[in-house]
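K.L.:
Residue numbers (this note's numbering), protein chains in the order written: chain A, 1 to 330; chain B, 1 to 330; chain C, 1 to 330; chain D, 1 to 330.
Hints are computed from structural coordinates only; laboratory data are not their basis.
Wrong hints could be hidden among the right ones.
[Unchecked claim] Cut-off 27 Å, straight-line C-alpha distance, at most; resulting in silico cross-link-like pairs (DSS-like, lysine-lysine):
id : chain 1 : residue 1 : chain 2 : residue 2
1  : D       : K110      : D       : K321
2  : C       : K298      : C       : K308
3  : D       : K84       : D       : K110
4  : C       : K25       : B       : K321
5  : B       : K321      : C       : K298
6  : B       : K329      : C       : K321
7  : D       : K25       : A       : K321
8  : A       : K25       : C       : K321
9  : D       : K25       : A       : K329
10 : B       : K25       : D       : K329
11 : D       : K84       : A       : K321
[To be verified] Computed footprint of chain B on chain C; a stretch qualifies when at least three of its residues, placed anywhere within it, have a C-beta under 8 Å from a C-beta of chain B:
id : stretch
12 : 7-19
13 : 227-236
Keep in mind that this is a model prediction, so the values were computed, not measured.
Every residue, glycine too, gets a C-beta built ideally from N, C-alpha and C.
Number of protein chains: 4
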Amino acid sequence: MIDFCLFGAGLIGSVHAGNLARHPKARLRYIVDPRPEAAQRIAAQTGAAIVDTETALSDPSIRAVMIASATKTHADLAMAAAAKGKAIFCEKPIDLDIGRTDQCLAAIEKAGALFQIGFNRRFDPSFRALKQRLDAGEIGSIEQVIITSRDPEAETEEALAGGGGVFREMTIHDFDMARNLLGEEPVELFATGSCLVLPYYAKHGDYDTAMFVLRTASGRQCHINNSVRAVYGYDQRIEVHGSNGMLRAGNRMPTSVEAFGSEAVSRDKPLYFFVERYMDSYYAELDHFIECVLANKKPDVGASDGRKAMILCEAALASAKSGRFEPIKF
Amino acid sequence: MIDFCLFGAGLIGSVHAGNLARHPKARLRYIVDPRPEAAQRIAAQTGAAIVDTETALSDPSIRAVMIASATKTHADLAMAAAAKGKAIFCEKPIDLDIGRTDQCLAAIEKAGALFQIGFNRRFDPSFRALKQRLDAGEIGSIEQVIITSRDPEAETEEALAGGGGVFREMTIHDFDMARNLLGEEPVELFATGSCLVLPYYAKHGDYDTAMFVLRTASGRQCHINNSVRAVYGYDQRIEVHGSNGMLRAGNRMPTSVEAFGSEAVSRDKPLYFFVERYMDSYYAELDHFIECVLANKKPDVGASDGRKAMILCEAALASAKSGRFEPIKF
Amino acid sequence: MIDFCLFGAGLIGSVHAGNLARHPKARLRYIVDPRPEAAQRIAAQTGAAIVDTETALSDPSIRAVMIASATKTHADLAMAAAAKGKAIFCEKPIDLDIGRTDQCLAAIEKAGALFQIGFNRRFDPSFRALKQRLDAGEIGSIEQVIITSRDPEAETEEALAGGGGVFREMTIHDFDMARNLLGEEPVELFATGSCLVLPYYAKHGDYDTAMFVLRTASGRQCHINNSVRAVYGYDQRIEVHGSNGMLRAGNRMPTSVEAFGSEAVSRDKPLYFFVERYMDSYYAELDHFIECVLANKKPDVGASDGRKAMILCEAALASAKSGRFEPIKF
Amino acid sequence: MIDFCLFGAGLIGSVHAGNLARHPKARLRYIVDPRPEAAQRIAAQTGAAIVDTETALSDPSIRAVMIASATKTHADLAMAAAAKGKAIFCEKPIDLDIGRTDQCLAAIEKAGALFQIGFNRRFDPSFRALKQRLDAGEIGSIEQVIITSRDPEAETEEALAGGGGVFREMTIHDFDMARNLLGEEPVELFATGSCLVLPYYAKHGDYDTAMFVLRTASGRQCHINNSVRAVYGYDQRIEVHGSNGMLRAGNRMPTSVEAFGSEAVSRDKPLYFFVERYMDSYYAELDHFIECVLANKKPDVGASDGRKAMILCEAALASAKSGRFEPIKF
């Protein structure tokens with residue numbers, strides 16, 4: 001049994017709290033959140049105590065921390081937890097700044113802390129099965145990867161202004177998936193972005209509609225397409241083409257019901273957004289983390305994966321301005 | 001090159017005429033139809049001459065006849081053509097009366113005429129591929145067959161009154177398919193019919209909605225469901241369950257277009273009716289007939305298949321009244 | 001918060017125990033099972049105490065019982081729990097004997113006990129959505145229902161010999177679904193069964209392969225097909241045809257991965273069996289029960305639904321012998 | 001009735017010859033091909049006469065020419081036919097050289113000749129339906145287009161060496177489709193190509209695996225992915241994302257048969273290659289051409305569409321070398 005402290009009682013914190021409650025080898029002991037009512041809601045459901053950071057990290061019975069607080073607090077919390085010998089599960093990104101990220105990685109490394117980054121899509125049952133079949137050589141040598149990743153609804157202008165921008169908040173997951181599936185590190189990245197959905201994306205120097213091409217040294221290619229608004233729901237699909245065929249994984253639908261009417265045949269649109277679509281992956285990533293902590297094993301997706309995905313975001317921002325393949329230097 | 005005479009210039013006659021025009025080894029020479037304008041329409045497109053029955057059958061250059069005229073003329077035309085040594089392609093049924101059917105079969109047999117009955121569904125590319133895979137043993141021993149067969153639109157009362165009834169006009173195709181797929185002759189048949197669509201089906205002692213169960217001596221089972229009205233289009237599907245799995249074949253859609261909208265994901269409803277759905281099968285059955293004529297080979301689906309399907313219709317009519325398994329005596 | 005006692009720590013008892021642990025308004029307090037090791041396994045995971053029936057039913061803090069023990073104990077436990085004022089969730093069937101079932105229903109009625117029967121399929125998300133759309137009139141008046149229900153693997157001969165037979169153990173769920181979807185009570189039932197899978201089904205006077213037709217007074221029809229062995233997994237599908245179209249619900253697959261290879265395009269076969277396929281429905285039926293207990297509301301599926309499904313089983317057994325529509329007398 | 005002369009009796013010439021034979025308003029009168037046996041094969045099937053270019057173009061009864069000969073002969077034949085007042089159907093490309101293409105366009109323009117280019121995919125039933133629904137505004141304003149276009153099998157080295165290269169021979173169709181679907185002309189194009197399939201593509205300075213991004217002035221984006229070898233068959237798919245949803249069109253399969261086995265559920269892989277996949281589109285483009293000739297109407301896809309697609313090929317070749325968005329100047 002592993003005792004946890006959860007930092008952050010927002011939407012994603014609640015998802016993790018629920019999974020901790022379900023997991024037979026985890027116990028949620030503490031919640032840290034500056035907003036009392038949010039913390040209180042989770043505490044009531046789980047019986048965890050609301051404490052401050054100092055108390056939580058000083059309690060030697062707390063073996064693991066779950067960092068789901070505001071992005072700007074991630075690096076400090078991770079470093080503090082590492083210093084206290086805790087195992088760390090941290091939502092992405094580690095930090096929006098590469099310098100701060102590197103500093104945090106160095107501290108984690110020095111402390112020898114077990115660290116897992118919250119790239120939950122790697123644990124989606126369909127994407128994971130696809131990856132395992134790739135690794136087993138089912139379609140031979142990988143040649144092209146195509147990632148479709150479209151949010152159902154744009155952020156509010158307020159959220160957009162307060163965040164790291166679309167590439168760093170949204171595409172970062174796709175960049176991690178590209179690295180994961182290409183089987184080789186990308187060395188060049190091309191990006192182009194437009195503002196076709198809402199004018200305030202342009203106002204904030206951002207893009208609501210974007211396409212990307214990545215390329216590895218051996219010539220493998222990856223395309224990503226993004227939109228911040230797909231009215232038919234969260235669209236998350238992957239295709240991998242190899243020398244012996246194609247593997248693809250698609251969306252999840254609420255039900256299997258099909259209606260045959262006088263105009264058309266219709267079925268459910270995909271599940272609404274990430275909480276619904278990736279519900280199973282949040283549990284699976286927690287399960288992987290717990291398994292790693294118990295076996296003192298390095299998680300499949302660690303701090304350097306978080307860092308590399310951020311470097312791809314930087315290259316994408318540069319390319320969207322330069323109109324050319326930008327080199328990637330990890 | 002085989003010279004044909006076509007009897008009947010109605011809807012199905014036109015389909016056959018078009019296929020004869022396309023087929024590299026067939027030539028449509030004569031058309032016989034008491035309705036001049038129908039015959040004229042096909043003649044104009046194909047260059048065939050409009051003649052009477054006597055002229056057509058007496059011309060020794062005519063090697064094959066295509067009988068697509070009114071049902072009550074089938075047996076006489078088939079017997080006359082057989083007497084003249086023609087190869088015969090005859091739309092189903094041979095006759096609505098079993099006695100007349102037997103008389104016709106005897107005449108065909110005596111003349112040694114090559115005879116193919118128009119059970120076109122056997123030549124549908126999907127159903128035929130399914131049958132070939134069954135025969136190749138892909139799913140082991142056959143256990144259950146499920147046939148869905150639903151027309152898009154009810155007949156007019158006039159057409160209903162003038163025809164042989166729903167079982168003999170519509171279900172007969174399903175009975176043939178059941179025999180074809182079960183791999184053994186059925187020995188018992190259960191039927192139940194209702195009038196849920198249009199009151200005039202009841203008025204004419206008929207059923208617009210029906211279910212059937214057939215059973216072979218070894219215990220294989222087949223279910224058929226029928227409706228005369230499926231607002232979403234012609235619904236023609238087959239499932240065969242065997243000891244090693246299931247094979248199924250489905251509907252055909254006009255296009256592969258899918259629309260992902262804010263309410264649902266929708267695609268085309270199935271093709272409207274038999275001419276659209278079975279367009280390829282009409283060509284394929286003609287091709288099979290021509291191949292048989294050229295090789296003097298017995299067609300895969302002959303006069304006795306037409307007769308047996310009619311006997312199943314009789315058993316179905318009896319069962320729908322008796323409420324019990326009726327024995328089948330071929 | 002509702003305190004529960006669970007009777008039966010077998011496969012299905014474990015599923016219920018897991019769901020009780022997850023449910024925010026339930027607490028599993030006691031486990032009763034004559035097999036100590038099975039009870040111990042659940043106790044270790046949940047913290048529940050292992051007690052005897054007397055202790056559990058005498059504890060006034062226990063508000064609800066979950067009966068998942070051997071079939072022959074259901075009626076006695078339900079009557080004892082009813083006498084103590086407990087809310088009762090009981091796995092189907094109440095009893096294999098209609099007389100005992102009626103006696104149990106009378107006792108429950110007399111005690112005014114809240115009673116829900118475990119027809120979990122009614123709570124399957126897809127089947128429930130289909131039913132709600134039927135009730136909302138989406139496809140107009142119901143005309144035909146087609147239920148496909150095939151187990152992945154036959155029972156052992158020992159299990160078969162010790163159980164109530166295929167119709168009472170397996171088809172009973174389909175009969176309940178037929179009643180649920182037809183929108184009218186069936187008045188006649190036809191059944192035919194064969195032994196095509198394993199000889200020991202015949203030896204025990206049972207059938208491993210069966211087809212059914214039910215009919216309501218107004219002429220609505222329902223077909224059910226069953227097999228005890230579908231090598232491709234648990235096959236659970238529903239089609240409902242109405243005056244304005246068709247609604248259908250299908251199987252669930254483990255992942256959405258599709259492989260495009262040089263021979264074919266392949267995807268996952270359906271989930272293995274009922275625990276996997278109906279995982280969500282077990283949680284949903286528990287949630288409904290808890291909601292009913294808290295609101296003192298009659299569950300959607302009660303004791304008389306259990307009784308009526310058993311009567312349909314009796315009619316099916318009679319029809320499979322008589323070869324005719326058997327009348328149904330509820 | 002329109003009398004045609006066909007130039008070129010190769011694979012694509014045979015397809016056109018078959019469609020001319022089927023079309024009720026067309027007659028194939030002449031075939032011109034330097035290879036006597038190829039011409040003879042088509043002549044035997046259709047009854048057309050084998051003549052030389054001079055004879056064919058000088059016959060005033062020939063109203064239309066079908067140019068399906070070697071690429072390098074297209075421009076001369078088109079100019080000669082235009083000078084004689086023939087309507088011209090010309091396979092793409094007009095010429096691999098933009099200068100020659102411009103010269104040919106000027107001659108056609110000057111002669112006032114009706115000219116249709118063989119971008120057959122525009123006439124594919126699914127792609128055409130998708131385009132019509134886009135034009136009808138079904139998904140609002142177009143934002144992104146994604147084109148998947150993968151051949152089943154690489155060319156031989158000989159064919160590659162003798163042709164115009166992969167971009168000009170294969171991608172040209174996708175570039176035309178991109179222009180057709182974007183609803184605005186592209187102004188920038190990015191391309192990257194690799195040699196992952198066969199070394200001789202590199203040897204000839206070509207690419208067997210490529211990705212493209214096009215962009216219009218308003219910021220609409222299009223991605224194309226190409227491979228010269230998809231072992232699962234010809235992969236031709238389109239997705240268009242708009243402000244109100246997505247429309248997509250997929251591959252065509254030989255049959256609808258699905259096999260449910262103990263390992264997986266499998267269905268047919270897509271049809272093998274362009275002749276099978278686009279069989280209907282070849283007929284439909286001919287039908288459109290004939291309709292235009294009869295009505296003296298400008299075809300939907302003309303000489304300037306052929307020229308613009310070639311210009312996109314040039315930009316793609318430049319971008320694959322420069323690694324940057326290349327401007328497009330039509």
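K.L.:
Hint by hint, say whether it matches the structure.
P.N.:
Okay, the hints, checked on the actual structure:
{"no.": "1", "hint": "K110(D) - K321(D)", "verdict": "37 Å, violated"}
{"no.": "2", "hint": "K298(C) - K308(C)", "verdict": "17 Å, holds"}
{"no.": "3", "hint": "K84(D) - K110(D)", "verdict": "12 Å, holds"}
{"no.": "4", "hint": "K25(C) - K321(B)", "verdict": "55 Å, violated"}
{"no.": "5", "hint": "K321(B) - K298(C)", "verdict": "41 Å, violated"}
{"no.": "6", "hint": "K329(B) - K321(C)", "verdict": "21 Å, holds"}
{"no.": "7", "hint": "K25(D) - K321(A)", "verdict": "55 Å, violated"}
{"no.": "8", "hint": "K25(A) - K321(C)", "verdict": "54 Å, violated"}
{"no.": "9", "hint": "K25(D) - K329(A)", "verdict": "64 Å, violated"}
{"no.": "10", "hint": "K25(B) - K329(D)", "verdict": "53 Å, violated"}
{"no.": "11", "hint": "K84(D) - K321(A)", "verdict": "53 Å, violated"}
{"no.": "12", "hint": "7-19", "verdict": "violated (count 0)"}
{"no.": "13", "hint": "227-236", "verdict": "holds (count 6)"}
Of the numbered hints stated above, those contradicted by the structure are hints 1, 4, 5, 7, 8, 9, 10, 11 and 12, listed in ascending order.
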